[in-house]
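This note's numbering numbers the first residue of the sequence shown as 1 and each following residue consecutively.
Each hint can be trusted.
When the alpha-carbon atoms are kept at most 30 angstroms apart in a straight line, the in silico DSS-like pairs for lysine-lysine are as follows: (1) Lys20 <-> Lys236; (2) Lys20 <-> Lys36; (3) Lys229 <-> Lys94; (4) Lys243 <-> Lys229; (5) Lys236 <-> Lys281; (6) Lys352 <-> Lys331; (7) Lys225 <-> Lys236; (8) Lys94 <-> Lys331; (9) Lys94 <-> Lys80; (10) Lys281 <-> Lys225; (11) Lys164 <-> Lys80; (12) Lys331 <-> Lys80; (13) Lys294 <-> Lys94; (14) Lys294 <-> Lys80; (15) Lys36 <-> Lys236; (16) Lys299 <-> Lys80.
Read the hints as simulated data drawn from the structure, not as lab findings.
All of these numbers come straight from a predicted model, not from anything done at the bench.
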Amino acid sequence: MPKRVIMLIIDSLMYPALEKAVGEGIAPAFQFFMEKGTVYPNVVTSFPTMSVTVDSSLLTGTYADVHRVPGLVWFHDEEKRLINYGSHVRELRKLGLLRALNDIFYRLNNEHLSGNIATVHEELAARGIETASINMLLYRGNTAHPLRLPALLSLFRPFRGGRKTQGPHLFTYGSFVRLGPSKQSGHFWQKYGFNNRFSAQELVHLIRTDRLPPFTIVYFPDMDKMVHKHGPLDTKGIAQTDKQLQAILNSYPSWEEALRGHHWIIMGDNGQAPVRADRNKALIDLRRLFHSYKVMALKHGVQQGDELVLAVNERMAFIYTLDLQRAPLAKLAEVLQQDERIDVIAWLEGDKAHVISGVRSGTLIFRPGGTQADEYGQCWDIQGELGVLDLATNGGRLSYGDYPDALARLYSSLTSHRGTFLIASAAPGFEFIGEGSPTHVGGASHGALHRHDSLVPMIVTGTKSAPKHLRVIDLKEWILSLLEEETGYEKGEANV
Numbered sequence: 001m002p003k004r005v006i007m008l009i010i011d012s013l014m015y016p017a018l019e020k021a022v023g024e025g026i027a028p029a030f031q032f033f034m035e036k037g038t039v040y041p042n043v044v045t046s047f048p049t050m051s052v053t054v055d056s057s058l059l060t061g062t063y064a065d066v067h068r069v070p071g072l073v074w075f076h077d078e079e080k081r082l083i084n085y086g087s088h089v090r091e092l093r094k095l096g097l098l099r100a101l102n103d104i105f106y107r108l109n110n111e112h113l114s115g116n117i118a119t120v121h122e123e124l125a126a127r128g129i130e131t132a133s134i135n136m137l138l139y140r141g142n143t144a145h146p147l148r149l150p151a152l153l154s155l156f157r158p159f160r161g162g163r164k165t166q167g168p169h170l171f172t173y174g175s176f177v178r179l180g181p182s183k184q185s186g187h188f189w190q191k192y193g194f195n196n197r198f199s200a201q202e203l204v205h206l207i208r209t210d211r212l213p214p215f216t217i218v219y220f221p222d223m224d225k226m227v228h229k230h231g232p233l234d235t236k237g238i239a240q241t242d243k244q245l246q247a248i249l250n251s252y253p254s255w256e257e258a259l260r261g262h263h264w265i266i267m268g269d270n271g272q273a274p275v276r277a278d279r280n281k282a283l284i285d286l287r288r289l290f291h292s293y294k295v296m297a298l299k300h301g302v303q304q305g306d307e308l309v310l311a312v313n314e315r316m317a318f319i320y321t322l323d324l325q326r327a328p329l330a331k332l333a334e335v336l337q338q339d340e341r342i343d344v345i346a347w348l349e350g351d352k353a354h355v356i357s358g359v360r361s362g363t364l365i366f367r368p369g370g371t372q373a374d375e376y377g378q379c380w381d382i383q384g385e386l387g388v389l390d391l392a393t394n395g396g397r398l399s400y401g402d403y404p405d406a407l408a409r410l411y412s413s414l415t416s417h418r419g420t421f422l423i424a425s426a427a428p429g430f431e432f433i434g435e436g437s438p439t440h441v442g443g444a445s446h447g448a449l450h451r452h453d454s455l456v457p458m459i460v461t462g463t464k465s466a467p468k469h470l471r472v473i474d475l476k477e478w479i480l481s482l483l484e485e486e487t488g489y490e491k492g493e494a495n496v
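Work out the full structure, taking the sequences as your base and the hints as a guide.
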C-alpha cells in the first residue's frame, strides 16, 4: 500500500526549545520521530511571520505577493477598512465583531486567499486524490462544507441561513465542521475545538476508522499562547504537545508500525523572539511615534482628515498613508528610523524597494530581475548598503544573515496587496502596539523579519528526499513529489 503523508503543524515550535525538551526527557514522541527521521533545524518561513500568512504560503507554495493574504492584520484599500483575523478581541470589538468573524470564518479562505493559485488540496483533488485538513486556519479545497456556527451567530447577517465553505474532502474546522462523533474538547470554553487535544482526537478518528487519505495536514495551536507568555525556551508547551503526539502514535499497534505506512512531516509555523520585561522599553507605541498625524480610530474607521492607518502584526506593522502630501512614505520612514528598536523599515518607490534601519546606517534599494543571484538562485537588481539587511556576498552570490531570504520575503510583502504603505519590523526584544494590540512583555512575540521569528524546525520520516530549498514555499512541490512517488499521479498545475 502506498505511504500516506501526514503533516503536523505545531504553532511556535522552535529548535532550541525542542532540543532542550528532548534532552530533559519530557518529549518522548518528538524524540522518537527525530531518531527515526531527518531533522532540519532551520526552515525559512514566510513574512510577516504570522500563522495565516505562513499557512497560505504552505498550501500554495508562494509568498504573499501571489497568495494575497498579507498578514493577520491589514488594510483593505478598496473597502477602506482594517481586516483583522483575530489579533485580540479588544480590536475585533472595535472593528465590529460580526464583520470580523465573517472575515475569519468565511472570507479568509473563500475570498481573500487568491483564486489564481491552487492549494495543495485543490491540486490533488483535481487528480482524484483525497486530502484532509484538521484545524488549519487555511484549508481551501474543492468540496463545500456547511459551517455549524454557534446558535447566537446564526441570528445575524451574514450568518443567517448558514454558510458553506470550500475545504478538502475530509475537513475539520474546530467544532464548526468535524469528522469524529466525539464532542470532547470542542466546547466554547475549549475554543470551540481549536486546541491540541481536539486536533489529535480528529486525526486518531481517521486512523482508527481507516479513513486516512493520501495527504493529511493537522494544526496544533496551543503552544503559541504558552511561548507568548513564558518565552522562546519554554518547554512546558512542548511536553503538553508531546502527549498528543503520543496519543496519535498509540492509535497504532506500535510506534514502529506508525512509521511503516506513512511519511511524517512535523514542523513549526513561525518562531518567536523574546520581548523585554520592561514595558516602557519593550513596547513600540506607533501612535506615540506618529503623534503629529491623525491616525484612524478602530471604532470609527476611516474618517475625513485621517492621515494614517496602523495595522499591527505583533513585531511587524504595516503603516498606511491616506494623504501622500501630508504624510509621504519617506517622511514616515524617517520618523521610524529615529527609534533604534526598529531594525527594518521598507517601502516601494515605483518597482524598487527602499530599506533603511534604526539600527544600521545606510540605504538599500532593490528589485527582482537583476544580475545578482542569491543563495536560492533568485536574481536581484541591488544597490546601496548590503549591511542594512545583513547581506553578504559569498563566491559571487548574495547570502543572508539575520534576515533569512530577506529580499524575496520583504518584496513579496510590499507587493502583497493594494495601498500606499511602509513596513516596519522590530528588533529582537521589542514589539509594536497600536490601539488595543495584544502585548507580550517578558515573554515572546513574532511577526518580524528577523531569524528568531523566521526559522522553524522540521522532522521528516520515511524518505531521504528533501525540498529543493529549506523554505516553507518549497514544501508544496516537495509534498506533491512524495505523493507522485506513492500514487503515480502526474504533477501539473490544477485548474481552480
